[in-house]
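Chemist: Spelled out, the chains give:
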Amino acid sequence: MNLGKGILKGLVETARNFVGSYYDPARLVTIQYPDERRALPEKARSFPMLVYDGEDPEKGLRCVACKICEKECPPQCIYIVLDRDEKGRPLRRPKIFDLDISVCMSCQICVEVCPFDAIKMNTEFELSTADRFGSLLLHKMDLARPASYYLGLHPVEAGEVNARLAAGPGHAETKAKPAAGPAPAAGTTSGAKPGDSDRP
Amino acid sequence: MNRRIPEDVLIEALSTGDLVPESPSHAAVLPRPEGAPRTASEAKPHPIALGDSEGTLLEVAVGPHHPSTHGVFRMDVVLDGERVVRLKPVFGYLHRNHEKLGEGGAYLAAMPYTDRLDYFCSLTNNWAYALAVERLAGIEVPERAEHIRVITAELTRVLNHACLIGFLLQELGSMGTPIMYAFREREKILELIEALTGSRMMCNYMRFGGCRCDLPSGWIEACRDVVEALPRFLDEFENLLSTNEILMARTQGIGVLSAEQAVQAGMTGPMLRASGVNYDLRKVDRYGVYDRFEFGVPLGAHGDVYDRYMIRMLEMRESVRILQQALRAVPAGPIINPKARLRGFKPPAGEVYGRIEAPKGELGFYLISDGSANPYRYRIRPPSFINLTILEDMCRGATLQDTVAILGAVDIVMGEVDR
Chain D
1 MNLGKGILKG LVETARNFVG SYYDPARLVT IQYPDERRAL PEKARSFPML VYDGEDPEKG
61 LRCVACKICE KECPPQCIYI VLDRDEKGRP LRRPKIFDLD ISVCMSCQIC VEVCPFDAIK
121 MNTEFELSTA DRFGSLLLHK MDLARPASYY LGLHPVEAGE VNARLAAGPG HAETKAKPAA
181 GPAPAAGTTS GAKPGDSDRP
Chain B
1 MNRRIPEDVL IEALSTGDLV PESPSHAAVL PRPEGAPRTA SEAKPHPIAL GDSEGTLLEV
61 AVGPHHPSTH GVFRMDVVLD GERVVRLKPV FGYLHRNHEK LGEGGAYLAA MPYTDRLDYF
121 CSLTNNWAYA LAVERLAGIE VPERAEHIRV ITAELTRVLN HACLIGFLLQ ELGSMGTPIM
181 YAFREREKIL ELIEALTGSR MMCNYMRFGG CRCDLPSGWI EACRDVVEAL PRFLDEFENL
241 LSTNEILMAR TQGIGVLSAE QAVQAGMTGP MLRASGVNYD LRKVDRYGVY DRFEFGVPLG
301 AHGDVYDRYM IRMLEMRESV RILQQALRAV PAGPIINPKA RLRGFKPPAG EVYGRIEAPK
361 GELGFYLISD GSANPYRYRI RPPSFINLTI LEDMCRGATL QDTVAILGAV DIVMGEVDR
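In the order they appear, the protein sequences are chains D and B.
Numbering-wise (this note's numbering), the first sequence opens with residue 1 and increments by one.
Numbering-wise (this note's numbering), the second sequence opens with residue 1 and increments by one.
Just so you know, the hints here were simulated from the structure itself, not pulled from any lab data.
Fair warning: there could be bad hints in the mix.
List time: in silico DSBU-like cross-link candidates among lysine-lysine, alpha-carbon distance up to 35 Å [to be verified]: (1) K43/D <-> K100/B; (2) K188/B <-> K9/D; (3) K346/B <-> K283/B.
Which chain B residues stay away from chain D? Per the calculated CB distances, all over 10 Å, these [to be verified]: (4) V72; (5) L94; (6) E103; (7) E187; (8) M202; (9) I335.
All C-beta atoms in this analysis are idealised placements derived from N, C-alpha and C, irrespective of residue type, glycine included.
Can you make the complete structure from the sequences, with help from the hints?
Modeler: Here's what the structure looks like:
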């Protein structure tokens with residue numbers, strides 16, 4: 001065995017990498033994270049959020065509490081209670097919308113199945129906390145984000161969604177059609193929330 | 001070393017439920033010291049205990065928290081001095097009830113769980129599951145989606161093999177350098193995967209009948225840049241490692257596995273091909289659009305750890321070839337079959353076994369459908385689990401530090417072994 005030749009060849013390679021790391025960006029890819037941040041890609045995702053239109057998160061939520069996401073969520077981390085008025089009629093909005101992000105696995109199946117474009121993926125990832133229980137269970141108001149925030153996170157996707165919503169309820173219907181389950185039946189009574197994706 | 005068992009004996013033993021008897025020639029090669037436990041059931045249940053013949057044998061538990069065991073994996077080794085007399089792989093520390101969860105939920109709900117099988121290669125796991133369900137339901141996949149699947153699978157293969165070589169070298173004592181070079185390349189590929197799927201590791205990208213979302217603008221060009229830079233990285237990596245005398249001395253002639261043994265143990269993937277068996281599902285099954293691309297299947301001649309290292313090096317080069325062809329050939333069109341349904345998906349009753357060549361070997365999903373919305377039976381054939389079963393035969397007679405190298409070359413990920 002020609003002892004030493006292969007090792008020297010390898011050391012030349014490490015030397016080349018060491019020197020190269022001073023000027024070649026392909027060899028030095030480290031990002032000094034808290035000080036430097038790279039821009040997240042358009043499709044980045046962390047945990048779901050609820051999108052609302054207008055100024056008031058309570059009134060403008062697109063969510064109609066159809067519970068499709070609750071049903072389809074693989075780890076079952078969503079809990080929804082439909083809001084009702086004093087006469088007990090459904091109000092097409094959630095009274096409770098809880099999402100346990102200690103259980104959520106960011107699969108975004110809830111986003112895919114939502115016929116109302118109400119639940120979308122957030123990209124916030126610095127969510128560590130010393131509280132093991134309370135602060136990982138997000139409630140409706142923790143999850144609510146304005147539509148402008150959504151547009152800022154995912155410009156291409158949100159642009160398509162906005163175009164679809166602007167095209168009117170007829171088009172929203174075509175999107176909602178494959179999801180024809182128990183959901184629309186629950187929401188067909190009073191239209192408490194005027195707007196975008198409502199059925200006529 | 002040849003542990004060939006006649007087929008009739010094997011079938012008889014299996015049908016009666018008895019364990020396969022050890023051939024006498026095998027014991028002759030490696031004489032057991034007095035007092036060595038004869039079978040696994042005779043071995044002491046305690047992880048650490050002195051052998052009963054005046055302390056000549058030592059039973060040691062390597063792992064489950066040991067840096068050389070690739071995660072929570074335990075090897076109960078019986079040592080005579082430095083030589084391994086017996087070795088018992090113990091796993092299950094990372095069991096997550098995946099298969100039963102798959103039976104409890106809808107077909108789609110199991111897709112994000114498959115990411116977590118072999119968490120280095122979530123895209124190939126997705127593909128294997130999607131392929132099985134597509135066969136079950138008879139869903140066609142559009143051309144564009146098939147090409148995207150090939151591209152993502154080959155990127156995953158490069159990523160997996162580069163990291164595996166890094167880990168192997170780390171375990172051989174080369175602290176840091178090779179694995180950091182590998183991770184530098186992995187980072188570039190992960191960025192591509194993140195731009196495509198939104199997540200670096202838990203991609204959840206494939207859907208029954210296609211892919212979840214289309215390629216973002218500029219992705220093909222970015223991917224081409226990364227792929228064009230890969231041969232340079234591979235040359236560097238080979239210069240660094242392939243002729244290194246220490247690596248050769250530590251790996252050549254270690255953990256030798258004959259082709260017969262490898263076939264009998266049901267091994268697949270680079271482990272099998274390192275023993276010289278020409279079996280690659282991309283060529284055998286020709287699933288997806290692999291039949292349109294030109295690529296070779298590297299084969300080993302000796303079946304030792306060095307061959308397993310070299311096979312992976314060469315497979316990365318073949319993957320680069322496939323990637324170059326696939327990136328040129330991506331057609332326009334839909335990425336998902338318009339007939340595929342996201343919700344209320346109920347395939348017809350029947351059973352199916354869908355398999356692909358994952359970076360670690362044959363990854364198969366066996367599904368039985370009773371026509372309802374969730375599978376009646378959901379079973380996975382994980383490559384690294386099956387490849388691990390023959391660990392004892394490779395390690396018997398080797399020293400403990402060689403055992404680490406042999407285990408490192410098997411390429412296990414405990415998420416997949418334990419499920």
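Chemist: Each hint: holds or not?
Modeler: Hint-by-hint comparison with the structure:
1. About 31 Å separates the Cα atoms of K43/D and K100/B, which keeps this hinted pair within 35 Å; it holds.
2. Proximity of K188/B to K9/D is assessed by CA-CA distance (about 26 Å); at most 35 Å being required, the pair is judged to hold.
3. Between K346/B and K283/B, the direct Cα distance comes to roughly 31 Å. Compliance with the 35 Å bound is thereby established for this hinted pair.
4. The Cβ of V72/B lies farther than 10 Å from every Cβ of chain D, with a closest approach of about 20 Å, so its non-interface assignment holds.
5. Every CB of chain D lies more than 10 Å from the CB of L94/B, the least distance being 16 Å, so the non-interface label holds.
6. Separation of E103/B from chain D is adequate, the least Cβ-Cβ distance of about 13 Å exceeding the 10 Å criterion.
7. At roughly 6 Å, the least C-beta separation between E187/B and chain D is not larger than 10 Å, which violates its mark as non-interface.
8. The claim that M202/B is not at the interface with chain D is violated, since a C-beta of that chain comes within 10 Å of its own (minimum 7 Å).
9. Separation of I335/B from chain D is adequate, the least Cβ-Cβ distance of about 14 Å exceeding the 10 Å criterion.
Comparing the model with each earlier hint shows violations of hints 7, 8; every other hint is respected.
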